[in-house]
Amino acid sequence: MTNPYDFLVSPFIEFEFMRRGLVGTLALALGTGPVGVILMLRRMSLMGDAMAHSILPGAAVGFLFSGLNIFAMTVGGLVAGFAVAVLAGVVARTTELKEDASLAAFFLISLALGVTIVSMGGTNVDLLHFLFGSVLALDDQILLLIAGITSISLAVLALAWRPLMLECVDPAFLRSVSRAGAPAHMAFLALVVMNLVGGFHALGTLLAVGLMMVPAVVARFWARDVTAMIGVAVATAVLSGYCGLLASFHAGLPAGPAVILTAGGFYFVSLLFGPVGGLLRPLFRRSRHLEA
Amino acid sequence: MTAQLQFRNLTLGYERHPAVHHLDGVVTRGALTAVVGPNGAGKSTLFKGIVGILKPIGGSVDLCGLAPRDIAYLPQVADVDRTFPINVYDMVSMGLWKCTGLFGGIGRRERDRIHEAIAAVGLTGFENRSIGTLSGGQMQRVLFARLLLQDAHLIVLDEPFNAIDARTANDLLDLVQRWHAERRTVLAALHDLEMVKAHFPDALLLAREPVAWGATGDVLTAENLLKARHMCEAFDDEAHECAA
Numbered sequence: 001m002t003n004p005y006d007f008l009v010s011p012f013i014e015f016e017f018m019r020r021g022l023v024g025t026l027a028l029a030l031g032t033g034p035v036g037v038i039l040m041l042r043r044m045s046l047m048g049d050a051m052a053h054s055i056l057p058g059a060a061v062g063f064l065f066s067g068l069n070i071f072a073m074t075v076g077g078l079v080a081g082f083a084v085a086v087l088a089g090v091v092a093r094t095t096e097l098k099e100d101a102s103l104a105a106f107f108l109i110s111l112a113l114g115v116t117i118v119s120m121g122g123t124n125v126d127l128l129h130f131l132f133g134s135v136l137a138l139d140d141q142i143l144l145l146i147a148g149i150t151s152i153s154l155a156v157l158a159l160a161w162r163p164l165m166l167e168c169v170d171p172a173f174l175r176s177v178s179r180a181g182a183p184a185h186m187a188f189l190a191l192v193v194m195n196l197v198g199g200f201h202a203l204g205t206l207l208a209v210g211l212m213m214v215p216a217v218v219a220r221f222w223a224r225d226v227t228a229m230i231g232v233a234v235a236t237a238v239l240s241g242y243c244g245l246l247a248s249f250h251a252g253l254p255a256g257p258a259v260i261l262t263a264g265g266f267y268f269v270s271l272l273f274g275p276v277g278g279l280l281r282p283l284f285r286r287s288r289h290l291e292a
Numbered sequence: 001m002t003a004q005l006q007f008r009n010l011t012l013g014y015e016r017h018p019a020v021h022h023l024d025g026v027v028t029r030g031a032l033t034a035v036v037g038p039n040g041a042g043k044s045t046l047f048k049g050i051v052g053i054l055k056p057i058g059g060s061v062d063l064c065g066l067a068p069r070d071i072a073y074l075p076q077v078a079d080v081d082r083t084f085p086i087n088v089y090d091m092v093s094m095g096l097w098k099c100t101g102l103f104g105g106i107g108r109r110e111r112d113r114i115h116e117a118i119a120a121v122g123l124t125g126f127e128n129r130s131i132g133t134l135s136g137g138q139m140q141r142v143l144f145a146r147l148l149l150q151d152a153h154l155i156v157l158d159e160p161f162n163a164i165d166a167r168t169a170n171d172l173l174d175l176v177q178r179w180h181a182e183r184r185t186v187l188a189a190l191h192d193l194e195m196v197k198a199h200f201p202d203a204l205l206l207a208r209e210p211v212a213w214g215a216t217g218d219v220l221t222a223e224n225l226l227k228a229r230h231m232c233e234a235f236d237d238e239a240h241e242c243a244a
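First to last, the sequence lines map onto chains A and B. Under the numbering used here, the first sequence has 154 at position 154, and the numbering climbs by one with no breaks. Under the numbering used here, the second sequence has 71 at position 71, and the numbering climbs by one with no breaks.
If we strip away everything but chain A, and leave its shape as in the complex, we get (with noise of 0.2 Å):
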């Protein structure tokens, strides 16, 4: 039986990319947490998939001309992101079709598109780069922006927290006192985007999103009122970071997924546990209903 300092720590004392790994999953899941609290309290948890994919031809096109280049891949991610994003607004407000058609239709294109890229460009490894990430990978330029998404996206937050939860519990009566709704939902779209494209330099276009969402949602079986979901949705995503980038580690196992699959074990226990109706739940209530 091995020491468990040498099994849960000395991975990350021994090899800087592990530390590195640990590092960027932290600083991601700061601003992760809360973005994917408020999309899945808008009911838009798809949405965020959505966008993640728009990403990838952005990030495709900054790869063809630059390489493996950092700022070119993540300029070209934040311009596609917020291009498909206004698009599908206007499409959503100008024809019949709803948001998440419109939506639907532009991220299945801009996927197909982005993997074209990309195999113009590259090869199958800077395909899978694209897709599924680096976390093991991470250099210091990537961390920093990771960082810096994730700041940015806190003082945001703070700021538009008020028109920001308004908006999702009574929007006509956000639109009849004021006019911030509309500036705030773009303001929250961008951070979206933003925090997409961070998860993408570490979990790729595919795996991204799910550092956003699956916390949000292990959170919502244990806590009742917002600021509490978004404590358990950041300490979701940083227990996940740990805890994945170990199994990738003992076991062999490919990192970004292990991540996002230990987030998946967070999810099946609090779907079975969770004390805000998990499924489990009634088989420990106490039987006696309360008299008033």
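Hint data in this document are derived by calculation from the structure and do not stem from the laboratory. One thing to keep in mind: the hints can contain errors.
[Said to hold, decoys possible] Pulled a few chain A residues facing chain B out of the computed Cβ check, cut under 10 Å:
(1) 157
(2) 160
(3) 163
(4) 224
(5) 226
[Said to hold, decoys possible] Distance windows between CB atoms, simulated:
(6) A/172 - B/127: 19 to 25 Å
(7) B/104 - A/172: 17 to 23 Å
(8) A/276 - B/100: 28 to 34 Å
(9) B/40 - A/64: 55 to 61 Å
(10) B/229 - A/277: 46 to 52 Å
(11) A/64 - B/237: 53 to 59 Å
[As the list claims (entries may be wrong)] Taking beta-carbon pairs under 10 Å as the criterion, some of the chain B residues facing chain A (in silico):
(12) 66
(13) 72
(14) 73
(15) 78
(16) 84
(17) 95
(18) 134
(19) 143
C-beta atoms are modelled at their ideal positions from N, C-alpha and C, and glycine is treated no differently.
Given the structure of chain A, go ahead and fit chain B onto it with the hints provided.
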């Protein structure tokens, strides 16, 4: 008698079909007016026109200098996500938007006002309850507490007492009377004619066209009500363009 609202040949509707047709008239400041009429008479449409959700297809609504934030509006079906994790206290506190805005803090004075509003609608003790656990009547009390805090000059209530028991309706009606005593202008769409006769000095009887408008006793006559009931509810796809 200063005017608070003036309708000038106002026509509101959907896809060119009028739902409120050629309405002219003035609501004076401090008036307490019931808007009465059968389903489909245009009551909600008129209210949407007043608060600016619906643009007129003819004529105009003059708010006589009121800013949008001086108007409090309670829609017929509030667009509230009851599954959202928010408690009664936070929900009511939104009514303070006019003084807190986007970033303003809620200090002791504001907290006192929130507690007062919650007490005024009889929900003391419910502050920490999540809105998903409230009954329909309790939710309506919450929305009224929020209206109280909005401190609006013009209050527009679209069928505020629907599906609400008599006791809750009476409690909320007391608040409406309080607003009236405070010289606020109140418009309420109602179906309970006895309530209108007992508590509302003015009434507007609407059946797409205005049937009668004035002192409640003169408006709610058998003859006028019969006239309103004969209104044709359906839009006519073959209708000609209105010449007026």
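*Restraint outcome when residue 78 of chain B is required to lie within 10 Å of chain A by C-beta distance*: holds, 7 Å
*Would the hint on residue 73 of chain B stand, with a C-beta cut-off of 10 Å toward chain A?*
At 6 Å from the nearest chain A Cβ, residue 73 of chain B passes the 10 Å test, so the hint holds.
_Interface restraint verdict for residue 66 of chain B against chain A (beta-carbon cut-off 10 Å)_ = violated, 13 Å
_Hint check: 10 Å Cβ-Cβ cutoff, residue 163 of chain A to chain B_ = Where the cut-off is 10 Å and the nearest Cβ of chain B is about 6 Å from residue 163 of chain A, the hint holds.
*Grab the minimum C-beta distance from residue 224 of chain A to chain B and call the hint holds if it beats 10 Å, violated otherwise.*
Holds, because the Cβ-Cβ distance from residue 224 of chain A to chain B comes to roughly 5 Å (cut-off 10 Å).
_Would the hint on residue 226 of chain A be counted as holding, given a Cβ-Cβ threshold of 10 Å to chain B?_
holds, 6 Å
*Is the gap between the beta carbons of residue 104 of chain B and residue 172 of chain A within 17 to 23 Å?*
Because 22 Å falls inside the window, the suggested range holds.
*Would the stated hint for residue 134 of chain B survive a check requiring a Cβ distance to chain A of less than 10 Å?*
violated, 13 Å
_Min Cβ distance, residue 95 of chain B to chain A: is it shorter than 10 Å?_
holds, 9 Å
*Return holds or violated for the Cβ distance of residue 229 of chain B and residue 277 of chain A against the range 46 to 52 Å.*
Cβ of residue 229 of chain B to Cβ of residue 277 of chain A: about 48 Å, so the range 46 to 52 Å holds.
*Should the interface hint for residue 72 of chain B be scored as holding, given a Cβ-Cβ cut-off of 10 Å against chain A?*
Cβ of residue 72 of chain B sits 8 Å from chain A, so the hint holds.
*Do residue 276 of chain A and residue 100 of chain B keep their Cβ atoms within the hinted range of 28 to 34 Å?*
holds, 30 Å
When each numbered hint is compared with the structure, violations occur for hints 1, 12 and 18.
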